[in-house]
Every structure is written in C-alpha cells, then in structure tokens.
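Please put together the full structure from these sequences, using the hints given.
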Amino acid sequence: MTTATDALMPYDEVLERFDPVLGLEVHVELGTATKMFCGCPTAFGAPPNTQVCPTCLGLPGSLPVVNGVAVESAVRIGLALNCTIVDWCRFARKNYFYPDIPKNFQISQYDEPIAVDGRFDIELEDGATFRVRIERAHMEEDTGKSLHVGGSTGRIHGAEYSLLDYNRAGVPLIEIVTKPITGTGARAPEVARVYVAALRDVLRGLGVSDVRMDQGSLRCDANVSLMPKGATEFGTRTETKNVNSLRSVERAVRHEMQRQAAVLAAGGTVVQETRHFDENTGFTRPGRVKETAEDYRYFPEPDLVPVAPDTEWVIGLRKALPEPPAERRRRVQTDWDLSDLELRDMVNAGALDLITATVDAGAPAAQARSWWMSYLSQEANTRGIELAELPITPVEVARVVALVAEGGLTNNLARQVVDGVLAGEGTPDEVVESRGLAVVSDDSSLVAAVDEALAAQPDVVEKVRGGKVAAAGAIVGAVMKATGGKADAKRVRELVLERCAQ
Amino acid sequence: MNTISRDEVAHLARLARLAVTEDELDTFAAQLDVILASVARVGEVAADDIPPTSHAVPLTNVFRADEVRPGLTQQQALSGAPATEDGRFKVPQILGGDE
Amino acid sequence: MNELVRSTASELAALIHSGEVSSAEVTRMHLERIAAVDPEIHAFLHVAGDAALSTAAEVDAALAAGEQPRSPLAGVPLALKDVFTTVDMPTTCGSKILDGWQPPYDATVTARLRAAGVVILGKTNMDEFAMGSSTEHSAFGPTRNPWDTRRVPGGSGGGSAASLAAFEAPLAMGTDTGGSIRQPAALTGTVGVKPTYGGVSRYGLVACASSLDQAGPCARTVLDAALLHEVLAGHDPLDSTSIDEPVPAVVDAVRRGAQGDLRGLRVGMVKEFAGDGYQPGVQGAYRAALDQLSALGAELVEVSCPHFDYALAAYYLILPSEVSSNLARFDGMRYGLRVDNGAATAEEVMAATREAGFGAEAKRRIMLGTYALSSGYYEAYYGQAQKVRTLISRDFTAAFTKADVLVSPTAPTTAFPIGEKVDDPLAMYLNDLCTIPANMAGNTAMSVPAGLAEEDGLPVGLQIMAPALGEAVMYRVAAAFEAARDAAEGGPLFRRVPGLEVPA
Ligand SMILES: [Mg+2]
Ligand SMILES: [Zn+2]
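Chains E, V and S, in that order, are what the protein sequence lines are.
Mapping of the first sequence onto my numbering: position 167 corresponds to residue 167, and the numbering continues sequentially without gaps.
The number in my numbering is simply the position in the second sequence, starting from 1, with 502 added.
The number in my numbering is simply the position in the third sequence, starting from 1, with 601 added.
Derived from the structure by calculation, the hints contain no laboratory data.
Take these hints with a grain of salt, some might be off.
Claimed, not checked - Computed spacing ranges between beta-carbons, pair by pair:
no., chain 1, residue 1, chain 2, residue 2, range
1, V, N563, S, A662, 41 to 49 angstroms
2, S, S655, V, D525, 44 to 52 angstroms
3, S, S619, E, W88, 53 to 61 angstroms
4, S, E604, V, A512, 53 to 61 angstroms
5, S, D877, V, A512, 35 to 43 angstroms
6, E, E13, V, R516, 39 to 47 angstroms
7, V, T523, S, S895, 52 to 60 angstroms
8, S, A615, V, D525, 52 to 60 angstroms
9, V, E524, E, E294, 21 to 29 angstroms
10, V, A585, E, K481, 56 to 64 angstroms
11, V, F565, E, D360, 25 to 33 angstroms
12, V, F565, E, T129, 36 to 44 angstroms
13, E, E294, S, A961, 23 to 31 angstroms
Said to hold, decoys possible - The calculated DSBU-like cross-link candidates involving lysine-lysine, where the alpha carbons are at most 35 angstroms apart (straight line), are:
no., chain 1, residue 1, chain 2, residue 2
14, V, K592, E, K94
15, E, K463, E, K481
16, S, K697, E, K94
Every residue gets a Cβ at the ideal spot worked out from N, C-alpha and C, and that includes glycine.
Written out as structure tokens, the structure reads:
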C-alpha cells in the first residue's frame, strides 16, 4: 500500500481526456454552548472525558433531547445556502459499530433532512462566478476522539490499542452536501477550494461556528470521479477524507484526478472507496477495504420526536440573515474606496472577512488591512496555510492595534506580541505580560536609564550641548538597548534633550 | 416470503457483532425461519394509502435550551470501564476504517 | 406471616403517617419476609437492606419532627425492576453483559421514588432486557410463581409481580413493552398498569424498544397502583417523548369507582380476543367479569378491531428492530462485561463479548431486528409493520367512539410450567397477544385480578384499555370491578395465595 508509487497522469493530459465530477461534503461543528442532544459543554481542549454525561456516553437508559439553538443554526445555514427548509423532518439512527461512537449508532438525518435543494454562487480567483447546487444540509452528532497507542506512527494502522475521549461525542454537526459538480474542467481543484473557503466565510458570517479546519470544526470530504470526454454517465468515485486545510482540498482533488486518470488510462478501474489525504506527500491512500458492504440500517429515531419548523419562525430567521459575503464585498469596496485589484487581492488572500471582523472589533481599517495583508500574510505563506488558519483571531489583532494606539506597544513590540499569540502563548495581553513586552512609559525609570547613558558618554553630551542635536541619537540608541527596546524612542529623545539642557 | 438461510444468519450475526457458534447458526436459522414466516403476515394488509407510524404519541418540536447542565466527573464516566488509561477508555486495537 | 406484610400500601401508609408503626418496622418485616421466601421465589436480584432501612429511618425522623409526609406513600417499601438505573445498587437488566454494573446516575423514576420517600427494597428479576413473557430468560435464573412454584410468574416483570404475590413488597415497579407489566400481573393475581406512552419518564429506564416501552405501577390493589401512579407520572424534560400535560387524577377516580356505580359507562368487548386459543378457565373468569361489570350498571357492547390480528406480527418486527439498535451499545468497550478470548481487535472483542454476554432470546431478537432493518427488507418488514401500527391506532380510535373502555382477557392462559415454552419462541410470543395493541398505539391499559381459572385454580387477569391519557376512566372501572369482585368472593384474590410459610 505504498501509495507514493501510484502513477499520476500529467494534469494537462487528464483534462484532454476526461471531465472531472466533484461532490463535496462539509461537516461543520456548531459553536453552541452545549452538545446536540445533552447539556454538556462543547469547548475544545478540555481534559479527556470531563465534558460527558450519561447521554453522550451512551450509558444504558440515557435519552437525547434536541438542542433548539442547533436546529436554529441548521435552518439559518440552510437559508444562507438558498435551500428550502422542509416543514417536517425527523432524526434517524445510522447503525454501525465503532468504538468512537458510544451507542454504536449515530443520530443523524437520513431521508428527511431539514434543508434541501439550495444553490451557492462562488467567485473564482479571476472574478468569474460559479454556481454550486446544494443537495441537502442536515443535523447530526459528532463522534468521540481516539488516540492510537503503540506502533510507530501514532496512526490507527499498527497501533497496539486505542484510548477514547468522548468530550467531542455529541457535538452538533451540520453536514452540507453538494449535488454533483460538473463543468469545472481544469478548475475543479480551484472550485473545490473556493467553495469550501466561501462556505467558511458564510458560516463565519452567520456566527454559527468558529470554522477552524485545523481544529476540525470544519471538515471536508471530497468525492472525485472522472468521465471520459463525451461520456454522459458519471464514473466511479472515491471519497477522500482527512483534508484539513483549504490548500489540501485543492491538492487532494488534483491528485485524485491525476491518479484516477492514470488508472483508467492503464485499462484499470477505479475502486469505489474511502481514501485518506496525506498532508506531507500530497498523495491519497486507501482506507481499509471492508469485508462486508456497510448496511447502516437507518430507521426513524424513536427517542426523538419530529421537527416541524414553523413557517413564521423561518421567515423571521431569513429576514435576520446577515448580508451575504458577495454583497458585503461590494459594499466594503465602496466604503473603503478600494480598487478592483485591491479588493481581489484581499479576497484571494482570504483576508476580507478577517479584516472586516478586525474592524468590527474596533481597529481602524488601514491598520487592520496592513496587519492581515502584510505581516500575517507572510506568516501564513511561510507556514503554507491559509490566512484564516493562523492561530490568531481578528479580535486579537484588534487588541494589538489598540495597544499600539494607547502607546503601550511600539510597532516592533507589537510584532513580537503577534508572534507570541501565533506561537500559542495566549492572548495579546497574556503575551505582553509573560514576555514582558510593555513599553517602558514610566518616566522615572527612563530618566535613570537616560542619566546612566549620559554619564557613560560625556563627549556626546558636550556635542549636544554644543548644538549638535543629531548627536543625541547615540544616547537614544544606548537607552533603547538598555531597556531591551521597550522604551518609546520619541519620549527617550525628549528626555535626552531635556537632561542635556539642564 | 423468503425464508432465511444459514449463510444469511451468519451474515446477520457479523453485522450485529455476535460471534455465534456453529450450533447456534443451525438453531437460529431454524427459529428465525419460523418467526419470519409468521411475522411476514404484515404484508397482507394493503399499504399504499396508509402512513407509517414511528411514534405512538404525536408530539413535535421538543427542544432543549442551549444551557450547560452538570454532567459526570471523569471518575464517574470511567467508573464502569473494563480498562482505562490517562483518563480515557482503553480499547483493543481498532483496525482500519475511518480515522 | 406477619400481618404487616399482608397489608396494602395505603394501609401501611396510614399506619406509618399516623405514627402507629414506623417505616423502619415495616421495612424490617419485609426484609425478613424476603429473607424467608426469596430463596424459593427468586423475585430479587439484589436486596438493599441497609439503604432501605436508612431511607425508612429518614422518613420516620421527618414524621417524628412533625413534618408532613413527603408523599402519600412516604415510608412504604417498593421492589424496583432491575431495568431502572440506581446509583446505589447494580443495574443488570437480567443480563450477564451488565453483571455488577453500577450506574453513575439515577433514572427519573428512581429519583421520583426517592423524593416521595418510598423505600426501595432492592431490584427485581426480569427477562433479559425485558424480552420474554416468563422471566425464564433472566441470566440469573427464573423467578417462581408464588401461586405454584413450579410455574412461571409471567414476564418480563416476573420478579416485580412475584414479589407482590409473595408478600415481599406491597408495591413494585414494572415496564411494559408488549405486556411485561400486565401479563405478570394476570399470572400472579395482582394489579399492573401500563400508563399512556409518555406518561411516565423513560429517562434511566434501560431501553428494550424505545417506541413501545412504558414504566408503570404494580400493586396488589387498584388504589395502591393509583397512589404509585401519581408519584411516578408527569412531564420530564429529559425525555423528549414525555407528555407535558397534567397527570390524570387517578386516585380520585379510584375512590369514585369504589362506590360501585358504572351506570352510563360503555364497556367494549374486543371481539378478536375471545374464543379458540383461550384456556377455558380464562374464558370462564372473563365471562364472569363481564357479568360483574354489567351488574355494576355498565353497558356492554361488542367492538371489532380487525387489525389487532396483525399486532403480534408487527410487534415482532418493530420490537426486534429497535432492540437490535438499542442493544448495540453493549460491546465491552465502556462498561459491563468484556470478553477477549484471546481476540486482538476491538471488533473481535465486541463480538466475543456480545456472544458471551447475551442469552439466546436477546440474540434471536437482535438478529431478527438486524434482518428487518437491512436494505432490501426494510419496506417489506419494518415499513409494513409501521403501517400496521397506524391501522391498530385507527381501530382503537373507532372502538373508542363506541365504548369508553375496552376489555379482554389479559393473557390467553394462566401461569404455565417453567420450561414448557422456553425453547419455542412462537408459543412464548402468544402470551402477549392481547396486551400488544395498547403498546403499538400508545394508549393506556391495565390488568386487574378477575378470579381463578376453574381447571387449575390459577389467577386470571381482566384487561381494561382506555384512550391515551384516559387513565382516570380506566382506574374507575378497575376499582369498581375490584370492589364488586372482592365483595362477591369474600375478599381480595391475593388473600388466597397459597401460604409460602417457611420456618423462620
Ligand atoms: Mg454524516
Ligand atoms: Zn453529555
């Protein structure tokens, strides 16, 4: 199963011979306070099995009760994707045995999803619009997390045993499934990435999820198949899981197209299977081949009663939807007086929402743009990830901007604070505290440092007193060095001149 | 209606994660056959215009407020576990499947 | 036998609340009775003597301090079916797969009993995961019928019913998925009530078939059942299928019924539940009961519920389907039994654990349900069974336009010998013929002692069925019938249980 030897067809050749068909399934973890069917908290990163109760542990006798806010979020997501909200639907049990699923069935929706038949227009990099049709959006519960112990890789294969944490079990998920996406040609990988990015922007705008691909709160499974040019029937598809970044979505689709084309060109057949994307190699590898076909034995969940969204309620939710990202883009362009190119740069960098969110959090537009488009963009590039995947939030960036404006940080210190946040050292204020980065604004300690520097360089003092004010720079530099760069240079200069004048 | 074969019983047992013995396969094949032949009567009633009933009492829209309720401590959660390690449930190796 | 253990719950409550007898004394007498007769009867899987005595002492202390009783049943002992979770006692559901499992939470029913000051004596035996009609499918051995210890007490709640008939407890808790409260009540000469689906919380009741399960009271008199009913019933936000409506005033209804006037009330005799297949003594007792109701002034009408003939078939598709899913969680990963037999993978350990942990009936139903839900068979089996369910509800609706309550024998036979049907699933399933329709439609139904069958001298039950949330009229009819029957026979049926005197 060394997939690194999978033959790949050159991309151009793939496109000459085949048309790709995509199907994208996105799972979104909702940002509700509690789980889908119980009152346990959903916060990420708690010690194992501390956010559990009889219901999400699947203990005998426990029962689920639907989280009303999760239903509301599902309806709002459906509306934002121009879906029809059904007037009656049910939950179903999807039965399969797996240790991360405590009841050995997942409560999901099957043939009666809450939202159906939507459409979602996305804007590609060159500004062209592409319409993605949405099959359905439905509610379900997340699984627990397994830690595989033993073996060399920490992966499931070769592990001696596994350890289970059910804190995530029961976290509300919305699964959004597209209809088959055709007609993309060479742009299939781009369409896939832009779709997920645009979906993420919409979800963020709705405030229903923190949409962190790196933490798994937004997860994409990419279905890919190829049709020989001129064919009308879809080919056999594969489903690639474990695609944890926007860049990976694009790479995984491209890789599957090239791999499947090579298989087909060699006279082989594509196996319908689940594959896993390897971030390191950019290849996909097959999951375990199951000895028996899955038979999930769906049936209506008897412990839950049907959901019948009230028409008036749905109309109210539709009216209260936030401005769609595309419209907002046009408005922002006017408000900030951006050229088409500037706007497209921001959009392509995935920065627009981050910048507006930073502005919403109190930062001036210019500073917000500058941070995201230069320093943080470079950082994202270096890391090979999307801007939004950086472990810093717009609120945190706004706080850094505020600290600079208050005079608590110099620009140089501000970059160090951002570095600390990116390194996982905490919030900006925590980084300032722990790294001791606050500007030394206390005059008495500055005066002491200035006096010390003056005493050390009597010749410079003489020059300054003699009218060569520019010579003061040497003293300022010495003070900055002595304070580890934490002093406000302008204030130091004032003090140097003051002391020399005495 | 179809009757059920020994192979089908073996397939069902696999789906249901029951490591049945050879003897049980024979017993269950015979018994399930009789039972299925009997319950297949449900097919006799006309069906097209009759809606199915999944719930005995016709309730809809029973929701919970999105408020945290006290759950179990880690110790309570693990109290019945056959094996644990580092605050987690310890289970035998999981083969393949979805990660 | 101590007279206290032969008293009814309402009599005991009166004695305790007036201070004539302490709850501790009442509890001690029952624990002594259990110690004396349970080795023979095997109604209990677990006796919680210390916990029971300490609850009793609390109730006594509160009463001594001048507090009002916490409920009309404060201080009265009860036997809890081992299907409700309890933090201070194991919960096994009669299965090896849960042997020794101590839940970290209390069922809502358990919590309500505790809040009412009811003294929980212990946990009672049952068919594994409530699947059976004889309590022979318990992994811990069968329960014996106090009327004849060579016979079954019915099931699945045979332990609870037998504990009442053996005077080990004046009250007990049951669950009824297809008759598991009513059929044992009939076979032991006691009273058993299946409330309206959603009337009593299922939270903490280990599920058999979720859409059919309903917890309810078991007692020796209709009044005692009503008193317990009012302690248990009511909306529970932890159960989505719980009905958010006022609890029917069943105690009042019993007091009215006991006055013995049923004039103006229409009693519907279900035509489909009579004739061939019913033991002659059952038919005889049933006819006598009908005469009794008529004498009380009720108008007897015959009603036909044609689809009840399909109820058993539909039930044995819906129940196993839900069971196959509900019992999937017992896999040896998180709690309960784990068997590895040298198996290496989680999947193999799950299969080995389930193979060793489940009994034959549980496995049979799991496989049957797995089959009925699998692709290709779903529509013909599960889908069609759900349509039958609709037809049964419609039959009830139509019948309740002609009658206020419906009646039938509770079970086709009296208690049968242990071992007679245990290897013949279809014969066993027939026990629930008359009780299943009410579970399918969700309405309320109960069994009251109708008398003894002529040929074997064993108890026969009269089933009374009422519409959803129609408990009041059902209890009223039951109380009127019970009073008239007892008066005619010179005392309640339970007074005639053969002595189980054993040397103290
Ligand atoms: Mg899903
Ligand atoms: Zn929980």
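Looking back at the hints listed earlier, which ones does the structure fail to meet? none
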